[in-house]
Amino acid sequence: MKRIIIIGLFFLVAAWNAAAQPGDSIPKTRSHYTLAIGTGWSHYFANMDIVPARNVQKEFIGTSFRFMWEPEYRLSLGLETGFYRIFRVDSALTSEYTMDARMYMVPLLLVIRMRIVDNFYLSLAPGIAVQFSQIKGIGETISSTQYSFANFEACASYLYPLNKRFVIGGEARFLYIGKTNDYIMSLNAVFGVKL
Amino acid sequence: MGIMRNCLLTLFCIALLMAGCNKSKEVSIPSPGPNSLFTETYPLPEASRKVMDGIYNVTAGNELFGDQVVLKWSRKKLTVMCSDGHYLVLDVGQLDSVIMIQGYWRYCYNDNTGIASAYIARDEGGKDIIEANPHPGQIIIRGGYGSKGNEINNPLQFVYLRPISPSVLNKKFSLLAHRSGGRTSDHLPVSENSIAMINFTEGLGSTGIEIDVQLTSDGVPVLYHDADLNIRLTQKGPVSGPINDFTYLQLFYLVRLIHGEHIPRLKDALYFVVDSTLLTDVYLDMKEKVPSIKEVIPIQKEILQRAKEKGRDLNIYIGLPSQDAINDFMSQPDYQKIPSLCELSVDDVVRTNSMVWAPRWTEGTQDALVAQIHGQGRLAWTWTLDDVDWIKEFINNGQFDGILTNYPFIAGYYHYIREN
Chain A
1 MKRIIIIGLF FLVAAWNAAA QPGDSIPKTR SHYTLAIGTG WSHYFANMDI
51 VPARNVQKEF IGTSFRFMWE PEYRLSLGLE TGFYRIFRVD SALTSEYTMD
101 ARMYMVPLLL VIRMRIVDNF YLSLAPGIAV QFSQIKGIGE TISSTQYSFA
151 NFEACASYLY PLNKRFVIGG EARFLYIGKT NDYIMSLNAV FGVKL
Chain B
196 MGIMRNCLLT LFCIALLMAG CNKSKEVSIP SPGPNSLFTE TYPLPEASRK
246 VMDGIYNVTA GNELFGDQVV LKWSRKKLTV MCSDGHYLVL DVGQLDSVIM
296 IQGYWRYCYN DNTGIASAYI ARDEGGKDII EANPHPGQII IRGGYGSKGN
346 EINNPLQFVY LRPISPSVLN KKFSLLAHRS GGRTSDHLPV SENSIAMINF
396 TEGLGSTGIE IDVQLTSDGV PVLYHDADLN IRLTQKGPVS GPINDFTYLQ
446 LFYLVRLIHG EHIPRLKDAL YFVVDSTLLT DVYLDMKEKV PSIKEVIPIQ
496 KEILQRAKEK GRDLNIYIGL PSQDAINDFM SQPDYQKIPS LCELSVDDVV
546 RTNSMVWAPR WTEGTQDALV AQIHGQGRLA WTWTLDDVDW IKEFINNGQF
596 DGILTNYPFI AGYYHYIREN
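Chains as they are written, first to last, in this note's numbering: chain A, 1 to 195; chain B, 196 to 615.
FYI, nobody ran anything at the bench for these hints, they're computed from the structure.
It should be emphasised that the depicted structure is a prediction, and the values quoted were computed from it without experimental measurement.
Just so it is clear, CB atoms sit at the ideal spot from N, CA and C, and this is done for glycine as well.
You may find that some hints are simply not true.
[To be verified] Stretches of chain A that chain B covers, calculated by requiring three or more beta carbons in the stretch to come under 8 Å of a beta carbon on chain B:
id: 1; stretch: 61-67
id: 2; stretch: 87-95
id: 3; stretch: 173-184
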């Protein structure tokens with residue numbers, strides 16, 4: 001039943017969206033490229049089964065880089081990468097062993113962004129990610145790398161043009177990492193330049 | 196209007212994606228609850244159990260379990276094997292001269308399951324079973340099963356037809372269960388490649404197991420299937436990445452399999468097999484990324500020695516799935532004397548002096564090659580066969596000595612129901 005509702009909703013939205021575009025898509029800007037750098041607070045939604053959430057450090061500073069192609073229309077395309085510390089777990093396992101486990105991530109996402117109203121954008125971005133983990137405290141320090149191929153980001157941006165070349169603003173993003181079933185959100189201050 | 200539409204479309208896409216990322220649901224084994232009469236019963240002695248083994252007509256409940264079933268005792272459970280993938284795993288006890296039976300049924304191709312409860316009255320076979328009469332006049336198992344929750348709402352009746360043919364019982368045919376007894380993806384109550392699964396699998400009718408062997412960074416062979424620690428097989432924890440990157444101690448303290456078990460060392464798993472089960476065959480599927488044959492051979496030798504001391508009929512074969520594995524194997528001293536299983540050609544079997552040839556089932560029944568292998572005094576198994584029709588075809592028309600499957604109760608049904 002749930003599947004039928006989802007499929008029904010899909011066709012409903014698809015049919016709705018298939019209508020001709022209204023006349024508001026008159027180009028307001030010329031095609032250009034933008035490079036944006038953001039940094040700010042990131043939060044990990046701790047969901048580990050074998051470590052209590054209270055033992056997980058979840059707040060970090062994250063950084064994002066976006067390169068966008070912005071044509072004359074509402075939709076724009078681009079690539080995003082960044083660097084996020086996902087979590088740190090630091091606890092005593094036994095009287096003999098302690099553990100310090102950390103995970104970092106570098107995503108590479110294909111961004112599809114839409115201008116909703118002036119200066120306000122929503123974007124969706126699927127892509128891959130490289131995850132780095134480091135374990136200390138039980139025997140030798142182990143560093144491990146893995147790839148996650150099913151990741152997804154949703155992002156809302158407000159970008160205010162300072163002049164014809166520079167923009168500043170803020171971004172709120174939610175990022176899902178498929179390989180490890182991790183979720184993070186971040187609030188970034190953004191500075192961009194039109195190339 | 197356009198803004199609203201775009202927002203809705205965006206939210207819908209997010210919802211669809213998130214819904215698709217949900218973990219699959221768990222299937223719990225139904226339980227009759229604490230008030231069951233069963234708690235007052237005594238275990239059946241070994242001789243009595245054998246009386247119950249046999250072929251039964253299904254006179255009630257055949258809409259689920261078919262017209263005939265095979266009942267076969269394992270170490271501690273009575274397994275009812277059906278022709279289409281249904282099975283029952285039952286506990287049996289005696290109360291005066293009545294045999295009390297309870298457990299659950301399950302269908303292997305989906306998550307359908309339910310409780311089952313039955314009895315054998317004194318004058319309907321109970322007395323014969325308790326007295327271990329090898330030629331019971333009749334056995335009628337009466338009871339019921341539930342289709343949802345713990346409620347019994349359908350009648351169940353099995354009537355004894357005949358014993359399992361002595362020629363079938365005397366012929367060694369291995370029912371090998373995959374991944375130490377069953378797959379996590381089949382929603383079993385214990386994790387694949389765990390000691391708990393080895394303990395569980397005999398209840399599914401298996402007589403042997405295949406286990407996946409990998410090496411930790413400090414050279415300890417452990418049981419694990421995938422190349423990396425992931426949320427498909429393990430509980431969410433702070434460790435992920437290639438399993439070969441981590442030491443055994445790190446895996447022990449920081450990783451739990453999906454149902455909470457530790458990743459076992461090969462040595463511990465094999466000690467459990469020899470000391471706590473009646474399994475007769477173990478197929479060590481050597482994962483190829485890190486060569487581990489050198490580390491596995493001493494463990495195999497130690498466990499086989501223990502089995503010999505205990506008078507246990509146990510075979511442990513090192514799997515050779517590739518030319519690299521064969522080369523690694525043949526570089527070991529006295530490799531011809533090491534029990535092994537070769538998945539490649541018959542020539543490779545001869546070259547490695549493997550005791551078992553194990554081609555994949557998609558290559559067919561290969562009667563001529565199997566006969567050639569038998570002529571050399573070796574065994575032939577095939578893997579990994581899960582489809583009912585193909586299992587039936589291989590058992591009825593093939594000459595293999597064993598089948599590796601995720602569903603040993605299906606292979607068991609078609610094996611035990613044969614008349615010769």
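Hints and how they fare:
| no. | hint | verdict |
| --- | --- | --- |
| 1 | 61-67 | violated (count 0) |
| 2 | 87-95 | holds (count 4) |
| 3 | 173-184 | holds (count 5) |
Checked against the numbered hints above, the structure breaks only hint 1 and satisfies the rest.
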